[in-house]
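Chain by chain, the residues:
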Amino acid sequence: MSKAVVEALVVRFPGDAYDPYAGPGGDDVVFVRKERIAEVCRYLKEDPALDFRLAPYLTAVDYLGEEPRFEVVYALYAPSRNHRVRLRVKVPEGDAVVPSVTGVWRGADWFERYCWDMYGIRFAGHPDHRRLFMYEEFVGHPLRKDYPLRGRQPLTPERDVPDLFRGPGPGPREA
Amino acid sequence: MTDAPDPAPAPPAAPPPGTGALDAPLAGKEMVINLGPSHPATHGTCRLVTRLDGETIRGMKVDIGYLHRGFEKSCENVTWGQVFPYTDRLNYVSATMNNVGFALAVEKLCGLSVPDRAQYLRVVVSELHRICDHLTMLSAMGLELGAMTVFLYGVEARDHLWDRLTELCGARLTSNFVRVGGVARDLPEGWAEKTVQTLDRTAELRDTIDALLARNRIFMDRTRGVAAVSRADALDYGYTGPCLRASGEPYDVRKAAPYLVYDRLDFDVPVGAGGDNYDRYLVRIEELKQSDRIVRQCLRKMEPGDIAVRDFRYVLPPKPLVYGTIEGVMAHFKLVMEGIQVPRGEVYGYTEAANGELGFYLVSDGSGRPYKIGLRAPGWPMVASMPRVLEGALLADLVPTFDTFNMIGGEVEQ
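Residue numbers (the working numbering), protein chains in the order written: chain P, 1 to 175; chain A, 1 to 414.
Keep in mind the hints are simulated off the structure, nothing from the lab. Source: prediction; values computed, not measured.
Pairs of lysine-lysine, PhoX-like flavour, derived with a Cα cap of 25 Å:
(1) A/301 - A/289
(2) P/145 - P/90
(3) A/29 - A/61
(4) P/90 - A/73
(5) A/194 - A/301
(6) P/145 - A/73
(7) A/289 - A/194
(8) A/255 - P/3
(9) A/255 - A/301
Label pairs and their in silico Cβ distance ranges:
(10) A/255 - P/36: 31 to 37 Å
(11) P/148 - A/25: 55 to 61 Å
(12) P/147 - A/341: 25 to 31 Å
(13) P/122 - A/77: 24 to 30 Å
(14) A/321 - P/63: 37 to 43 Å
(15) P/128 - A/225: 27 to 33 Å
(16) P/139 - A/391: 32 to 38 Å
(17) A/23 - P/80: 51 to 57 Å
Glycine included, each C-beta is placed from N, C-alpha and C at the ideal position.
Using the sequences and the hints given, assemble the complete structure.
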C-alpha cells in the first residue's frame, strides 16, 4: 500500500535510499544512509503528496558481531494518506552519530534520548541530549548486547544539588 | 473640668486608585518547585520540576525512569511465550491489550492467522479493558478536580469488570489471557450473560459520572481551554489515541488498519475539536459507549469454535495429548524449553491500546528468544510534550492535565 512512497524515495534520493523491500505482513521498508536521514525525513514530512506528519517511533537495534553494528529504525505514519513506511539506518560503532530529526518532528525528542541512553547512539543537533531512563552517572548502555544481564553498578554518592531545575550532578556533558 | 480633646488630624488625601502601596508591583521572584517522584498525583513515579512565576508555569522538566525495570532487556532473555507476563505489567490498567498487541506482532512475523473465535475473544477482553482504562482515567481526573464521588463510581464500575476478567483469566490486575496463536481458554459457562449485566451496570455508572461532570460549572471552568493542543501540534508531538482524536485528528488504528475482527464490527470514532482537557474527557466518555457497543456485538456474533490454531509449533498441545502421546510430550517440551521458533526477520506490529498506538518492533534471529523487542508506549509522546503544552498554564492545572494524558508509569518508564 505504501510501496509508492518507498519507490518515490529511491528515485528522489538515489544511492541514499536503497534496497527497498516488503517485510512480513506487507510492511514497506527502505534503508537510508545515515548522513541523509534528516533530509529524507524532512522530505517525507513536507512533500504534500507524502505528508508524514505524525512524529515517528524510533528505536535502535544492536546487531553485535555484524558490521555496521547498530541500526536506528524509524516507523513513520501519514494519517492523511494512511501510508506507513519504515526507514532503517545503519550506524557503525566507530561513528555512532546520527543527524537528529527533532527539527522535523518535536515528538522525536524522547525517542532519540532513549537511543542514546540504551544504545549509546548520539544524535547531532538534539536540543536536550540527556539520558532518558538511567541517571547521568550510569556507566555504559544497558541494551547493548555486550552489557551483562545482571550487570550491577555501585551506588553513586549523593551530591549537592547546585541547581534543582537542572538536576544533580556535574555540569552538562560535553557533546 | 477637662480639656477638650484635640481634634483628630485630617486623614491624608487618598491616592488616586491604582497607584497606592498595595497596588505596587511585587518584587516577583521565580521559584522552582519539585513535584514527585513519589507524589500521590503522579500515578507512578514521575518527577516534574517546574519553574514558577507566581502560580504560572514558566518552565518544566519531566524526569522519568524511577520505575524503569528493563522491560526490553528482560524480554530479550526469555522465550517468546515468556514475554507475555512482562507485557501485562506495561499498562497494568489494561493488561490484556498489551498481550493482544504483542501476540499480533509475533503472529505478523510468523505469518499466522488465528481462528475467528479467538479473534472475537481478543476483541472482547481488549474492549473490556479499554473501558477499565478510561474509567480509571476519568475517576482520577474527577478526584483531582475535587469530585471524589466520581472516583467512587468509577472504581465500582471498574471492579465489576475486573470481576468478569478474573473469572476469565484468574487474575484481577495483571490479567494474562492471550497467547501466540490464540487465547488461553474459552469463556466460562454463563459468562457472556453475566458480562452483559455488568455492562448494563457499568453504563449506568458511566452515565452518572457524565451527569456529574459534563455540565458541571466547576469542572468546565477547570478543564475548558486548559492545556489545549492544536491538531498540528498533536501530530508533531506524536500523539495517538484519545489525546490525538481530542485534537481533531481522526486516527484510530482500528479503522486505519483494521486488525482482528474490527472491520466486521460497527462502531464510531469520536473526535474532538479544541484538544483541551475537556475534549479529552468527552472523547473518553464517548469511547466508553463505543467499547460497550463493540463488546455486545462480539458476544452476539461469536460462534463456537477453536480458540487457538491447531499447530503445536506455536500452541501448547492439550494435556491428554501431552500425557498420552510421545508427539504431545515432545511438542510441549520443545515449546517450553526452546520456545516458539519465530522466523528470522523484523516487523513493526501496532494496535490501538487504550492510550493510543501500542507498537512492538520485533527482531528475530530465528531462535526461540526475541533478539530485540522495541516498545512504543502510547503514553510516551504525551508525557514528553508536557513542558511545551503547560507553558504559561497554572500550577493547579498541571495535575489534571497530567491525568488527561493518562501517564501510566509501567509503560512509559518500561
